[in-house]
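Enquirer: Sequence:
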Amino acid sequence: MLKIRQFILVLGDLALAFFALFLTLLVRYFGNFSQDILNAHLIPFTIIYLVWLLCFYIFGLYDLTGMRQATELLRKTLKTFAVCFALALAFFYLIPFFGITPKRNLLIDILIFGTLIFFWRRLFCFLFSSLYLQKVAFIGKTETALTLEKDLNENPQFGYKSVGFLKGDATANILKEKLLKEKIKTIILSKDTGNNSTLTDKLYQLLSLKITFWEIDKAYEKILQKVPIDALKQEWFLKNLAALNKEGYDKVKRVFDFIMALILLLLTSPFWLLTALAIKLEDGGKVFYKQKRIGKDNKVFTIFKFRSMLETAEQNGAQWAKDKDERRTKIGKVIRRLHIDEFPQMLNVLRGDLSTTGPRPERPEFVSELEKTIPHYKLRHLIKPGFTGWAQTRWIKYARSKEDSFEKFQYDLYYLKNRSFTLDLSILLRTFQLFLKKG
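For the sequence shown, the residue numbers in the UniProt record's numbering are 1 to 439.
Incorrect hints may appear among the rest.
Keeping only pairs whose Cα atoms sit at most 35 Å apart, straight-line, the calculated DSBU-like set for lysine-lysine is [unchecked claim]: (1) 290 <-> 305; (2) 3 <-> 290; (3) 3 <-> 330; (4) 79 <-> 246; (5) 79 <-> 330.
Derived from the structure by calculation, the hints contain no laboratory data.
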């Protein structure tokens with residue numbers, strides 16, 4: 001459902017892009033508009049539009065959760081189109097192969113297209129978050145089911161609306177009557193219904209209504225794109241994580257990691273000298289900060305960062321990161337906000353300690369605590385940790401407590417189960433958003 005809506009959104013963007021181009025040329029060459037003028041602009045602007053759609057993805061304009069608030073959507077749209085305008089200028093002036101340098105046309109197009117995109121998303125949010133919601137019902141009231149129901153009702157952009165919990169002890173006829181009356185198309189079954197043969201027989205009698213049945217873990221994963229730890233039994237891990245050994249994938253990914261690390265080191269190299277100089281000038285302390293982390297197969301390695309805290313920050317032992325942490329230096333606040341402190345981890349990627357994508361590595365002191373309180377936590381060490389990860393792109397905040405780590409682990413499990421080149425690419429593109437957000 002979510003992917004279908006995003007696909008519709010992309011198709012709408014493409015249609016509006018060419019409509020915006022047509023309006024731009026009509027306004028710009030009013031009275032002299034011709035097919036030749038349209039043809040001269042069509043190919044270069046098609047290339048530009050495809051690049052812009054990628055920018056839309058990077059800046060979160062395809063994140064349906066960010067469309068509900070008009071002010072947040074407007075901020076995103078303005079920021080995105082500012083970058084799009086700069087990229088288009090560079091394209092036309094650095095690659096002058098198309099015989100046009102459309103300064104005014106580009107400005108008019110940006111204004112028209114940006115306006116259309118903003119109102120298209122507002123209309124999309126209204127249509128698909130209010131009018132066309134697929135109704136779902138739950139059977140089995142568990143904490144996981146209550147959490148999912150709350151998320152569905154608070155986020156109509158997912159495309160679902162919960163009508164509440166059905167009584168599992170009701171007769172098949174009563175259930176059928178309820179489903180028909182409420183026009184329910186999907187039933188989500190909580191884990192406590194799995195061994196109830198009587199309930200299974202009742203649900204079997206509902207198949208003629210063409211109802212979709214989801215187990216709670218499948219629904220949770222499909223809709224929220226994370227895995228509900230509390231709803232899982234050991235059988236789930238045997239079915240979904242037994243085939244983690246993707247030898248071909250891992251070899252290709254290692255080559256990709258090495259090349260990507262070299263490219264990023266080259267691109268970020270100007271910031272290294274400036275950052276090192278700024279850290280030294282502030283307090284004369286060490287430029288780099290080294291810390292022990294847990295990697296694949298529980299192996300300990302040393303991670304590198306630019307120092308963003310006082311050198312005495314952990315004189316009393318390891319501590320969780322805090323919101324507005326007073327241990328941060330003035331320069332540290334800046335490089336944390338811009339995520340520049342993470343750049344030296346490319347050295348870890350080159351060495352093979354980290355991959356570009358994967359669960360973020362945690363400190364040994366915290367791992368020993370988290371393994372005691374979070375079920376199955378040790379499984380995140382079955383694969384190589386990453387410079388960035390699914391949890392970072394979906395949750396976008398530092399883990400500052402055991403509760404935060406629990407939430408992030410649900411995203412880590414999703415990555416373990418679904419890791420692929422497509423998901424890795426999605427994570428890398430989404431990571432660009434992090435460098436454009438305040439920390």
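Enquirer: If a hint holds in the structure, say so; if it doesn't, say that too.
Expert: Quick rundown of the hints versus the structure:
no.: 1; hint: 290 <-> 305; verdict: holds (7 Å)
no.: 2; hint: 3 <-> 290; verdict: violated (41 Å)
no.: 3; hint: 3 <-> 330; verdict: violated (42 Å)
no.: 4; hint: 79 <-> 246; verdict: violated (39 Å)
no.: 5; hint: 79 <-> 330; verdict: holds (26 Å)
Violated hints for the displayed structure, listed by number in ascending order: 2, 3 and 4.
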